[in-house]
Amino acid sequence: MNEIPEHFYASVVREELWSVDTENRRLLEERRETGFAICRNVAGYPRITAGDHLSILDADSHRLIGVDPEGLEQMLEGSLELDQTPLIAAVSRFAIATPLRVRVTRRARYVSNGSVHDAQSTTFLVVTASAPGLRRSVICTEDELESHLPLFMNGGHSTHPTTLEQRDLPILWAGGSASVLLHEALGHPAERGMSPDAHPAWLSVLDRPSGASLGSMAFDDCAVATEERLLSGGESPGCLRRESFRSDPIRRMSNLHVEVTPNAPSIELPERFMTVRFLGAGGFDPLTDRIRLTVTHAELNEGETSRHMAPFELEYPRERILRSIIAGEGPPITYPGVMCGEDGQRVPVGSAAPLLLSQSWRVS
Amino acid sequence: MNETYRKRGVTTRLEIRAGGAVIVQTSEHGESTIADGVFRARTLSSPSVGEGAGDSNAVESMGLSLEEMIPATVSLERATILEGSADHWWTEGDTERSWRENNARLHATLLNADRKTRISTNLGAAHLNQIDLTLLTPAIAALADMRSASIPASPMNLTLENAVTAELWAALLEAILRQPDSKYATLEMRQQLCPQSTRDGRGEEIRCVPLTNANGPLGIPNFFRPSYRVPPMRAAFHLDAVGIPTASAPSECSAVATLFPFANDGRRLSVTLLCSNPSGTFRGVVSMTPAEWAERLRAAGEDSFWFPVDAGSYGRRLMLEGVEIQGVS
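Respectively, the protein sequence lines represent chains H and E. For the first sequence, the numbering used here gives the first residue as 1, with consecutive numbering after it. For the second sequence, the numbering used here gives the first residue as 1001, with consecutive numbering after it.
Simulated from the structure, these hints should not be mistaken for lab results. Among the hints, erroneous ones may be present.
Claimed, not checked - Residues on chain E that point at chain H, a partial pick, calculated with CB under 7 angstroms:
hint: 1; residue: E1015
hint: 2; residue: V1024
hint: 3; residue: Q1025
hint: 4; residue: T1026
hint: 5; residue: D1036
hint: 6; residue: V1038
hint: 7; residue: S1098
hint: 8; residue: L1111
hint: 9; residue: K1116
Cβ atoms here follow ideal geometry from the backbone N, Cα and C, with glycine treated the same way.
Same shape as in the complex, but just chain H (with noise of 0.2 angstroms):
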């Protein structure tokens, strides 16, 4: 953490709790939050002033700012004044069976180090859907919403529980699911600095500050230019972020983006699998150096017939995850993001990967 170089700053964020269904849609909570803060690498720990008022600001951190401190909040919060009644209504159209409770956070944050300054609004959705047999829960932006939506409300649930037995068959990763697992078995042992080991040669997992995805961003919360990392060739995630203006920024993915090479095996599947489509949690333990995944959206393949699973839980050693994955095809499809709350600070991450298959997890 002594690697935080000095900076500016600055975030307005607005964010509403919606209640949704086909015919009501009732505001739950608001929050609206200015902060700033200061880091000065002083003699001793480095120190960052941080509050939501300008007053934190002493002569010295004119030189950091770049710009009028006052011009900027307003400049800030001025992006965020749109009116999110559309936006609302767009996801209650897909409130067809279940309510949903729908979280949209509007941010928008300026930093700077005196030299660089850079300026970005963001905005994503947190959309969740409770019934007995499931809990799901979708991240996107606004752009994504038409395209994530229906994949996410179009899948099936049961109420059986899922078998120890069916947790171990071949796991056949679907809809970009894969970057969940990868995310956890390859993206934050990155963030630690620990080197890959056991992923095949043909995977690549990279971290991609570009695009237009959930985590995108030219420049860090630190104001440092951001650019891709090669995780599975031993790089660490190049962005130090945070999740406001009192958090202390530290080394975490923006974009988890894997890709396969065109050697790569084919996928043949097995008579017997499962499909997984959507992940509810993940984590990573470095002193076990386990991954623990909490699947909610998963189908049982038989030959010709399918049916959906319940929730269910997964944990094993990651040497033995990473050596599981034996087949990869295809593009990287977006899966809805993750937001990842490692080391107590959340933050949104956008993820892509192909199809992959892996082994069971038991016998591999």
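Based on the hints, put chain E in the right spot on chain H.
For chain E alone, coordinates are given in the frame of chain H:
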């Protein structure tokens, strides 16, 4: 019920992670309202810097003291040390309340990497100089000296150290609330007084009241509001229990820390503990119904200590008499 709550506060915290540390000084002034069923929160963005701001020397000094306590076989995975003060205002109709609080916290995660063991520790007080780091000594010593001990034959007597008891109260109260028909003949859970935290999230005085009796739960009188950004929620403050018989014999085996939090499957309350005895340490699972936990508790120490578990919980040394422990690898 339409209410308005404002909070203005300053904190200084030291964040320690693998690879380094940083000092963060924060000052905030925010407001939340609940009106017509909608919760709204916003920053008020008015100056409040300086008044009662935490001392960065104090957090740095406690960070050093913590690191000095840690032997070579143990590493600090993560720590947050903070000190701060806040002024609060709350109004509803004609009722107005205002109060001030000082808070200091130490949250640390410690590892014995060779033995793949992690413990989390939480201490709290009004000021950092009131935090007693020696409360961590039993857990750190056990984590450092992880010679494998054979698990004593069950049933056995097991002493629960202060921090474990503080977590037990929170889990046991939740279990009693979830299973209100269960009977707990010997145990009465109470909300106690705490000098550093005398008002709840709506400015109401926190009183010493029984929360349960032999027939089950009696209701939760107060509201917890850890931040102006979250709606207040019903919670019991400063948990403790009375009516526990005194232990008749000492125990050679102590549970010094929880390795995984208490888990309630609706029938049994289970916890994975780091235990020590004169021959070494072992990991063990204790799993009983809430009523069985209550029946087996015996008082083993006089002093009690406040821990920042949920809205506060008092831990003291207790014994579980005649308990079955399942070893885990």
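Each hint, compared with the structure:
{"no.": "1", "hint": "E1015", "result": "holds (5 angstroms)"}
{"no.": "2", "hint": "V1024", "result": "holds (4 angstroms)"}
{"no.": "3", "hint": "Q1025", "result": "holds (5 angstroms)"}
{"no.": "4", "hint": "T1026", "result": "holds (5 angstroms)"}
{"no.": "5", "hint": "D1036", "result": "violated (10 angstroms)"}
{"no.": "6", "hint": "V1038", "result": "holds (6 angstroms)"}
{"no.": "7", "hint": "S1098", "result": "violated (20 angstroms)"}
{"no.": "8", "hint": "L1111", "result": "holds (6 angstroms)"}
{"no.": "9", "hint": "K1116", "result": "holds (5 angstroms)"}
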